[in-house]
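**Student:** As a plain string of letters, each chain reads:
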Amino acid sequence: SQQGEEDPQALSIQEGENATMNCSYKTSINNLQWYRQNSGRGLVHLILIRSNEREKHSGRLRVTLDTSKKSSSLLITASRAADTASYFCATVTGTASKLTFGTGTRLQVTL
Amino acid sequence: NAGVTQTPKFQVLKTGQSMTLQCAQDMNHEYMSWYRQDPGMGLRLIHYSVGAGITDQGEVPNGYNVSRSTTEDFPLRLLSAAPSQTSVYFCASRARNANGEKLFFGSGTQLSVL
Numbered sequence: 001s002q003q004g005e006e007d008p009q010a011l012s013i014q015e016g017e018n019a020t021m022n023c024s025y026k027t028s029i030n031n032l033q034w035y036r037q038n039s040g041r042g043l044v045h046l047i048l049i050r051s052n053e054r055e056k057h058s059g060r061l062r063v064t065l066d067t068s069k070k071s072s073s074l075l076i077t078a079s080r081a082a083d084t085a086s087y088f089c090a091t092v093t094g095t096a097s098k099l100t101f102g103t104g105t106r107l108q109v110t111l
Numbered sequence: 001n002a003g004v005t006q007t008p009k010f011q012v013l014k015t016g017q018s019m020t021l022q023c024a025q026d027m028n029h030e031y032m033s034w035y036r037q038d039p040g041m042g043l044r045l046i047h048y049s050v051g052a053g054i055t056d057q058g059e060v061p062n063g064y065n066v067s068r069s070t071t072e073d074f075p076l077r078l079l080s081a082a083p084s085q086t087s088v089y090f091c092a093s094r095a096r097n098a099n100g101e102k103l104f105f106g107s108g109t110q111l112s113v114l
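For the protein sequence lines, the chains are A and B, in the order given.
With this note's numbering applied, the first sequence corresponds to residues 1 to 111, in that order.
With this note's numbering applied, the second sequence corresponds to residues 1 to 114, in that order.
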């Protein structure tokens, strides 16, 4: 079964609004990463947060991590049509640092 | 710098046929991996390698073989294709050091098994 589960599965917002996606996982992690996938393309790394960090920022992205609840959230502020994509969380576990992906959130940003 | 290169981009096979999906990276990454992506399932790890000569199974290894004879190449072999292997396949690599924790992905191979 998947280590990470994203919520919601799909999200539709208007340009300028904020988008929040959540990820829950099952086991202890080394770090958690968020990736973006445009339709028909490979995944692109967005941001990494380590297990001892609680919040991280990168441009319009804000990631939080709550290890006690085994959950993370990705906030995209002031969304743009170009942010339309699928977003995946990935948990990194074990000595081999294996990445396991969640099922993804499809974000649609309309003008 | 080409990054991670996958070939072919599209492939149609008949049940029982064999083929090899190619993956090459030019970033001198020790870690390479193969994922399959199916609708509603996210990406699932098939096999991975932490260096030349070392491979290990992921979440869904059955029906697939891999080898890692060089740092650059990590081919994925389907010995007898089945319709259940219809999917989009992604190869990914990363450096194996404290800063090399993000994956770099290829553009994918869309495989249909009839």
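Hints are computed from structural coordinates only; laboratory data are not their basis.
Since we're looking at a predicted model, the values are computed, not measured.
Even for Gly, the Cβ is constructed at its ideal location relative to N, Cα and C.
Some hints here could point you the wrong way.
Unchecked claim - Pairwise CB distance ranges, derived in the manner of DEER restraints:
no. : chain 1 : residue 1 : chain 2 : residue 2 : range
1   : A       : S97       : B       : T70       : 31 to 41 Å
2   : A       : T64       : B       : S80       : 38 to 48 Å
3   : B       : T70       : A       : G16       : 41 to 51 Å
4   : A       : A82       : B       : Q110      : 41 to 51 Å
5   : A       : R50       : B       : K14       : 24 to 34 Å
6   : A       : A10       : B       : S112      : 22 to 32 Å
**Student:** Does each hint hold? Answer for all of them.
**Tutor:** Going down the list of hints, with the structure as the test:
1. A:S97 <-> B:T70: 31 to 41 Å: The hinted range 31 to 41 Å is violated for A:S97 and B:T70, with Cβ atoms some 21 Å apart.
2. A:T64 <-> B:S80: 38 to 48 Å: holds, 46 Å
3. B:T70 <-> A:G16: 41 to 51 Å: Between B:T70 and A:G16, where Cβ atoms are some 49 Å apart, the hint holds.
4. A:A82 <-> B:Q110: 41 to 51 Å: Cβ of A:A82 to Cβ of B:Q110: about 24 Å, so the range 41 to 51 Å is violated.
5. A:R50 <-> B:K14: 24 to 34 Å: violated, 47 Å
6. A:A10 <-> B:S112: 22 to 32 Å: Because 25 Å falls inside the window, the suggested range holds.
Checked against the numbered hints given earlier, the structure breaks hints 1, 4, 5 and satisfies all the rest.
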